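Q: Construct the complete structure from the given sequences, taking the supplied hints into account.
This is what each chain is made of:
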Amino acid sequence: MTLYEGTAGKDYEISGIYVENNITRRLEALGLNDKTVIHMMTKKKHGAMIIKVRGTRLALGKHIAKAIEVKECKA
Amino acid sequence: MSEKEIRAAFVGNPNCGKTTLFNAITGSKLKVANWPGVTVEKISGEAVYKDYHLTIVDTPGIYALTCYTIEEKVTRKCIMDDDIDVIINVVDASNLERNLYLTLQLLELGKPVVLALNMMDIVKDRGMEIDLHRLPELLGDIPVVPVSAAKNEGLDILLHAAVHHHLEGPTGNVMNYSEEIEEKIEKLEVIMEARYPEHSSRRWHAIKLLEWDEDVREDHPVNILNVADKNYEKEIIRQKYKYIDEIVDEVLFHKQEKAAMTDRVDRILTHPFWGVPIFLCIIAFVFILTFAVGDSLKAVFEVILDDFSALVHNTLAAVHTADWMISLVCDGIIAGVGGILTFIPNIFILFLALAILEDSGYMARVAYVMDGIMGKAGLSGKAFLPMILGFGCTVPAIMATRALETEKDRRKTMFVTPFMSCSARLPIYVLFADIFFGKAAPVACFSMYVIGLAVAILIARIINLFDKGTNNESLLIELPEYKKPNAKTIRIYVWNKISDYLTKAGTTIFIASIIIWFVLNFGMGGMVENPADSFGAMIGRFMVPVLKPAGLGMWQIGVALISGISAKEVVVSSFAVLFGITNANSPEGMSLILSNIRSSIPGFGPLNAFCLMLFCLLYVPCAATIGTIKKESGSLKFTMKMVIFQLLLAYAVSVLVFQIGSLFL
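First to last, the sequence lines map onto chains A and B.
Counting the first sequence from 1 gives a position; the numbering used here is that position plus 3.
Counting the second sequence from 1 gives a position; the numbering used here is that position plus 1248.
If you're looking for bench data, these hints aren't it; they were derived computationally from the structure.
As the structure is a prediction and not an experimental result, all values here were calculated from the model.
Accuracy of the hints is not assured; some may be wrong.
To be verified - Here are some chain A residues pointing at chain B (derived, C-beta under 8 Å):
1) Gly9
2) Thr10
3) Ile26
4) Arg28
5) Glu31
6) Lys48
7) Glu75
8) Lys77
Stated by the list, open to error - Here are a few chain B residues that sit away from chain A, every Cβ distance over 10 Å (derived from the structure):
9) Pro1525
10) Leu1727
11) Phe1758
12) Ile1762
13) Arg1846
Even glycine gets a Cβ: it sits at the ideal position worked out from N, Cα and C.
A: Here it is in structure tokens:
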């Protein structure tokens, strides 16, 4: 599944990022790598969301959220 | 005393407090706020420590030493080219994990690096602890200095560390990659050494070649394909974060989640549905406060200005100054400049509110909240930040577009930002709304802000349609912790703005007032009794037929609008000079303006006034803005297109509103 399909309040583990190269590198530099755990804080209807990763809050647009492949973490 | 020179650069993630630290050390008063991307240009300052003279460079915040954005390019170029002797890596200690990524990259440069651990107070507040002995050991024994920029703590120790570490130099390699990558780095280092024996940061260049860094590859056209057959950037990033995980495990204790306050506030302010209405309410509150409180304070200024003008008039008359000179000073300069100064309370309240908004951490949230609306205009929510800054002044707002990712987004944002009503337009609204709208004046003023915002977004959407652009959904912005606004930061911010306003009153508006006085008091036959015979009237009359359909067919308005291009406040100054009013912003001044206008256009009422306000909102931005747009876009053609478009738009809208309005009123 992609992060875009996720639900607010849940944790996800990244399994891959598939978007334009420069955005991918940017996300990786921000610490979104394979196996990194993301907490989704809130999500808007059109797909923009706020996530918490490595102690930082990031706002992501739909385009980026759709490109992050994740697995749901078991609570 | 023999002074030794050292060049140091502050480098760090966005919003980690570089500029606050820079201000504290160099005594500068640069703008600081709580959102990523406030600093867009490198700025230098001076500091003295013992017998060392330090030149300190503040750089825009970056997450990595890559070159994807303008900020990254500026900062990287500064570190690489400006013979920086020592890098002071400012780190947000409450967010060590992410900040150390840049640190590892900086260490690879092979230059002396000093770590300034900022925001230690937040670390303590959250009950976390950092092992300050183990951290330097894991970073190659570089000096690690806890500082508090806000409380002026640890600054001397930091300068001391910078000086002695500069003398000792770096200790060599900090982190080792996997065998496979280290082997390749070694090979590339050999190649680099053969080709560029004078290079200092050999390891860094080798790593960048492995990452297929565009700039490094362009500058160093060596054949690396037999060593690096593919791009290793992903692997290198992954291994760096692996090392960071090890560091954090060893040095950070009690890493508990006590950031609950921010999360609770965010649940309301970034609510999927209520986010936008809450934002609009906050903006409405800011502007209504600006008018209401500002207006109640202005009476004080009125008394001072009236007394001052009378004093000057009497003194000049007593020493037998020529009448024309008295007229120039009292009717020209005092009327033009003084009238503008009476709006200081409004300007003060506006900037105070904006400063609090910016320093609280809410600004970055606005980018998220407005992302959906901006996305339909083909822009990311991030483009909304320069637009909000436009409520203050368009010039820094245009500069702030540098934080946007692509040139296309920048151009589009620059194009619409002038529609955001800046503080210079405020006096025009306040004056005309007070004269014509009575109790509804604050609503009339506020409507200008809403209309400006709506026009900006609408135009961006139309441009997007013509471009056949798609929705922009690539928002990526860090949201900082909320914090209590810092009194010093707010003071610097507001004082900078007020002093800009005073400077403008003393320069642009002063000169414009003299010129206006001149064109209104001189005609073909020398000095004229009746302004209707002056040069100004001749110019203004050309515009009467053009302005008539917008309900503004009066030569004085033509003159005021033309002079307003120098600075928008000058529209108000012009009316003061035109009608010889000491203080346009007083009840007497207003009734004089009203009677003068009505003598030309008997039916001039709220609709005409509204059209005048609309025209001032939308027409050509001031000279300073035009200059900035030219500089930032690097294109005269783009700038001219924009100016012409805005002029036509302002005209079309005000004519339309007047004609349709006339049918009903």
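Q: Evaluate each hint against the coordinates.
A: To see whether the hints hold, each was checked on the structure:
For the restraint placing glycine 9(A) at the interface with chain B, the shortest Cβ-Cβ distance is roughly 14 Å, beyond the 8 Å limit, so the hint is violated. Interface restraint check: threonine 10(A) against chain B, minimum CB-CB distance 12 Å, threshold 8 Å, status violated. Taken as an interface hint, isoleucine 26(A) checks out: its beta carbon lies about 7 Å from the nearest beta carbon of chain B, inside 8 Å. Taking 8 Å as the C-beta cut-off, the interface hint given for arginine 28(A) holds, the closest approach to chain B being about 6 Å.
Residue-level restraint check for glutamate 31(A) holds (minimum Cβ-Cβ distance to chain B is 5 Å; threshold 8 Å). Checking lysine 48(A) against chain B: minimum C-beta separation of about 6 Å stays under 8 Å; hint holds. At its closest, the beta carbon of glutamate 75(A) sits 20 Å from a beta carbon of chain B; the interface hint therefore is violated under the 8 Å criterion. The beta carbon of lysine 77(A) comes no nearer than 19 Å to any beta carbon in chain B, farther than 8 Å, and the hint placing it at the interface is violated.
No Cβ of chain A approaches the Cβ of proline 1525(B) within 10 Å, the least distance being about 14 Å, so the stated non-interface status holds. Not every C-beta of chain A lies more than 10 Å from that of leucine 1727(B), the closest at about 4 Å, which undercuts listing it as non-interface. With a least beta-carbon separation of about 45 Å from chain A, phenylalanine 1758(B) lies farther than 10 Å from that chain, consistent with its non-interface assignment. Every C-beta of chain A lies more than 10 Å from that of isoleucine 1762(B), the closest at about 50 Å, which supports listing it as non-interface.
Every Cβ of chain A is farther than 10 Å from the Cβ of arginine 1846(B); the closest lies at roughly 51 Å, confirming the non-interface assignment.
The structure is inconsistent with the numbered hints 1, 2, 7, 8 and 10, although it conforms to all the rest.
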